[in-house]
Amino acid sequence: MLRKILKVLAIAFILIQFIQIDKTSKSDETFHMSTKYNMPEEVSTLLKNACYNCHSNVISYPWYSYVQPVGWWLNNHISEARRELNFSTFTNGSIARQNHKFEEILEEVKEGEMPLKSYTYFGLHPEAKLTDAQRGVITSWAQLQMNLIAEQYPADSLVLKKRIK
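So the number in my numbering is just where the residue sits in the sequence shown, counting from 1, plus 890.
One thing to keep in mind: the hints can contain errors.
[As the list claims (entries may be wrong)] No farther apart than 30 Å at their CA atoms in a straight line, the calculated lysine-lysine pairs in the BS3-like style are these:
id, residue 1, residue 2
1, Lys938, Lys897
2, Lys894, Lys938
3, Lys1051, Lys913
4, Lys894, Lys991
5, Lys991, Lys1019
6, Lys1051, Lys1000
7, Lys1019, Lys1052
8, Lys913, Lys894
[Claimed, not checked] Ranges between beta-carbon positions, derived for each pair:
id, residue 1, residue 2, range
9, Ser1030, Leu1050, 35 to 43 Å
10, Pro1044, Tyr1011, 42 to 50 Å
11, Leu1006, Asp912, 20 to 28 Å
12, Leu1006, Tyr1043, 27 to 35 Å
13, Ala900, Lys1000, 31 to 39 Å
14, Val960, Lys1000, 40 to 48 Å
15, Leu905, Leu1038, 20 to 28 Å
16, Val898, Arg987, 31 to 39 Å
17, Ala1040, Glu974, 19 to 27 Å
18, Lys926, Pro1016, 37 to 45 Å
19, Ala900, Ile985, 21 to 29 Å
No lab work stands behind these hints: they were computed from the structure.
Note that CB positions come from ideal geometry on N, CA and C, so glycine has one too.
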C-alpha cells in the first residue's frame, strides 16, 4: 500500500513539472522610478541587486523556479512583493503613495527587513546581502527623495487617503 502511494506521489510530482509559471518580463519602463527620481549609479546598482528580482517587472528567475511546486510559491511571492512595491510602475501612483513608498523603503532597509533573509539563505543571491554602509546609501537616498517631494508638493497632498471598506 505504501509503495502504491509513493508511486502515485512520484508520478504526480513528475507531471506537475510540465505546469510551469509564466516567466516573461514586461519591458515597459514608462513609469519606472528612475523616470522621475534621480538614482545615482550606486543606488541603482544596489536596488537592482537586492530588490528588483521581486519588486520590478524585470526578473531573473533562479534555477529552482523550474521545480514545481517551488516555482508556484516563488511566483506568488513575487506577485505579492510587486503589489507592495514595484519599481517599474512606481510613478504611476499618486504623489502621496510615492512618498509613502519611499518611507517604507527607508524603514524596511534600515531595520534589515528587506531584502528578506530567506532571499540570501544557503548562499543564494549573495549580491543582495547588504552591508550596513550599503543600507545607509539606500536609506539616505530614500530620505533625500522624501525631502525633495516635501519641498515640491503641499503637505496635504502627501497624506494617503484612508480607504473605506
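Do the hints match the structure? See the list:
1. Lys938 / Lys897: Roughly 43 Å between the alpha carbons, so the hint for lysine 938 and lysine 897 is violated.
2. Lys894 / Lys938: Given that 30 Å is the threshold and the Cα spacing comes to 47 Å, the pair is violated.
3. Lys1051 / Lys913: Status violated; Cα separation ~34 Å.
4. Lys894 / Lys991: Violated: lysine 894 and lysine 991 sit about 52 Å apart, past 30 Å.
5. Lys991 / Lys1019: Cα-Cα ~21 Å, so holds.
6. Lys1051 / Lys1000: Holds, at about 26 Å.
7. Lys1019 / Lys1052: 35 Å, violated
8. Lys913 / Lys894: 35 Å, violated
9. Ser1030 / Leu1050: 35 to 43 Å: 23 Å, violated
10. Pro1044 / Tyr1011: 42 to 50 Å: 44 Å, holds
11. Leu1006 / Asp912: 20 to 28 Å: At roughly 22 Å between Cβ atoms, aspartate 912 and leucine 1006 fall inside 20 to 28 Å, so the hint holds.
12. Leu1006 / Tyr1043: 27 to 35 Å: The hinted range 27 to 35 Å holds for leucine 1006 and tyrosine 1043, with Cβ atoms some 32 Å apart.
13. Ala900 / Lys1000: 31 to 39 Å: 47 Å, violated
14. Val960 / Lys1000: 40 to 48 Å: 31 Å, violated
15. Leu905 / Leu1038: 20 to 28 Å: Given about 53 Å between the Cβ atoms, the range is violated.
16. Val898 / Arg987: 31 to 39 Å: 48 Å, violated
17. Ala1040 / Glu974: 19 to 27 Å: At roughly 23 Å between Cβ atoms, glutamate 974 and alanine 1040 fall inside 19 to 27 Å, so the hint holds.
18. Lys926 / Pro1016: 37 to 45 Å: Violated, since lysine 926 and proline 1016 (Cβ atoms, about 31 Å apart) do not stay within the stated range.
19. Ala900 / Ile985: 21 to 29 Å: With a Cβ separation near 54 Å, alanine 900 and isoleucine 985 fall outside 21 to 29 Å, so the hint is violated.
In this structure, the earlier hints numbered 1, 2, 3, 4, 7, 8, 9, 13, 14, 15, 16, 18, 19 are contradicted, and the remaining ones agree with it.
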